[in-house]
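Turn these sequences into a full structure, and let the hints steer you where they fit.
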Amino acid sequence: MLEFDSLIVPFMEECRANGLVINWGITTNCTLLTPSRIKFFEEFKTPILCSLDGTPEIQDRQRPKANGEGSFNDIAPILPILSDYPYGTIFRSTVTPENCDKLFEGYCFAKLNGFTKYYAGLDFTSQNWTSEKMEIVGENLFQICLDIYYDIIENRDPVIFTPLNNSIREFFTTSEFLRHDLLRCGIGVSSYGISPDGKIFGCQEHSTYENEQDDIFYIGDIYNGIDEERHLRLINKYINDMEKFFDKQNCEDCDGRFHCAMGSCPSLSNRLFNDFSKNPEAFCEYRRILGRITQILLMKAKIDDKTKEFSEYFSQHMEVN
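For what it's worth, the working numbering labels the leading residue of the sequence shown as 4, then goes sequentially.
One or more hints might be untrue.
[Claimed, not checked] Each pair of labels, with its calculated beta carbon distance range:
id, residue 1, residue 2, range
1, M302, T128, 30 to 40 Å
2, I84, V12, 12 to 22 Å
3, I299, C257, 15 to 25 Å
4, N131, R291, 16 to 26 Å
Calculated from the structure, these hints are not laboratory results.
A virtual CB, placed ideally from N, CA and C, is assigned to each residue, including glycine.
Here's what the structure looks like:
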């Protein structure tokens with residue numbers, strides 16, 4: 004948003020003028036988002052991912068402005084516009100060990116404000132995750148998923164909670180499919196991230212990093228195109244690292260070890276370990292929790308004789324996120 008007028012508008016308009024068909028997307032903390040800018044993105048059918056964390060208390064504590072003031076009052080006026088946006092708005096919360104007890108509260112805030120998609124991303128870079136904190140995460144996740152379950156079986160429109168959708172998709176997907184699928188985010192194959200100064204990265208998480216020449220995810224810019232040598236270096240490292248993923252001894256007893264190959268974050272793994280095949284323990288436990296919740300919900304649907312309603316809903320919403 005910092006370069007909306009100087010970069011985003013002219014670049015998107017030039018692409019359209021040249022007949023390029025591009026599936027756009029924007030990630031924003033919404034503080035610089037205005038009704039007119041939302042209208043522009045609507046013209047290009049652009050999904051908007053909103054980095055928001057919940058109630059005024061949670062938002063102000065988690066996302067203060069540079070001057071130390073809270074940011075909720077800046078984003079509050081556009082929440083009704085975003086919730087009615089026709090091309091997909093995701094309310095994305097960052098969950099830390101310090102605020103994990105507010106996860107369900109954040110979901111409820113998004114739901115009550117009319118958002119139809121919600122995503123909770125744990126801050127796996129934190130060193131403060133403990134078994135007790137992960138237990139709190141599990142309790143909150145179960146509350147969210149149970150709320151969605153009752154909305155489904157009682158014929159109400161549930162919030163689309165992408166971690167649950169993906170967990171159910173993985174439950175019914177063969178490991179071989181996930182093992183060999185390279186059409187994923189993070190490596191510049193299915194999507195790219197563009198920085199405010201026009202640089203292209205394999206992952207949008209890197210679009211605000213400095214020293215891009217040392218960043219393996221940096222693969223070009225919008226003025227000169229993709230640097231094929233840099234892009235191949237990224238893809239080859241990913242392929243070579245991931246060959247080790249399936250041979251790790253500490254994963255032998257984990258039911259989700261093949262599925263998490265596709266659920267892992269290449270940016271996070273490489274940043275923490277310089278190895279795409281490694282994941283933080285908190286990440287692994289998060290996915291195990293989701294897997295257990297998925298099995299509980301499937302069993303509950305069978306006991307409640309609601310398997311048909313449950314399966315029909317997810318067969319219609321099995322998008323990959």
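Original post:
Should the hint that I84 and V12 are 12 to 22 Å apart at their CB atoms be regarded as holding?
Top reply: holds, 19 Å
**OP:** With respect to the beta-carbon atoms only, verify the hint that M302 and T128 lie 30 to 40 Å apart.
**Re:** holds, 34 Å
Original post:
Holds or violated: 15 to 25 Å for the Cβ distance of I299 and C257?
Top reply: With Cβ atoms ~18 Å apart, the hint holds.
**OP:** Go ahead and decide if the range 16 to 26 Å is satisfied by the Cβ distance of N131 to R291.
**Re:** holds, 19 Å
Comparing the model with each earlier hint shows no violations; every hint is respected.
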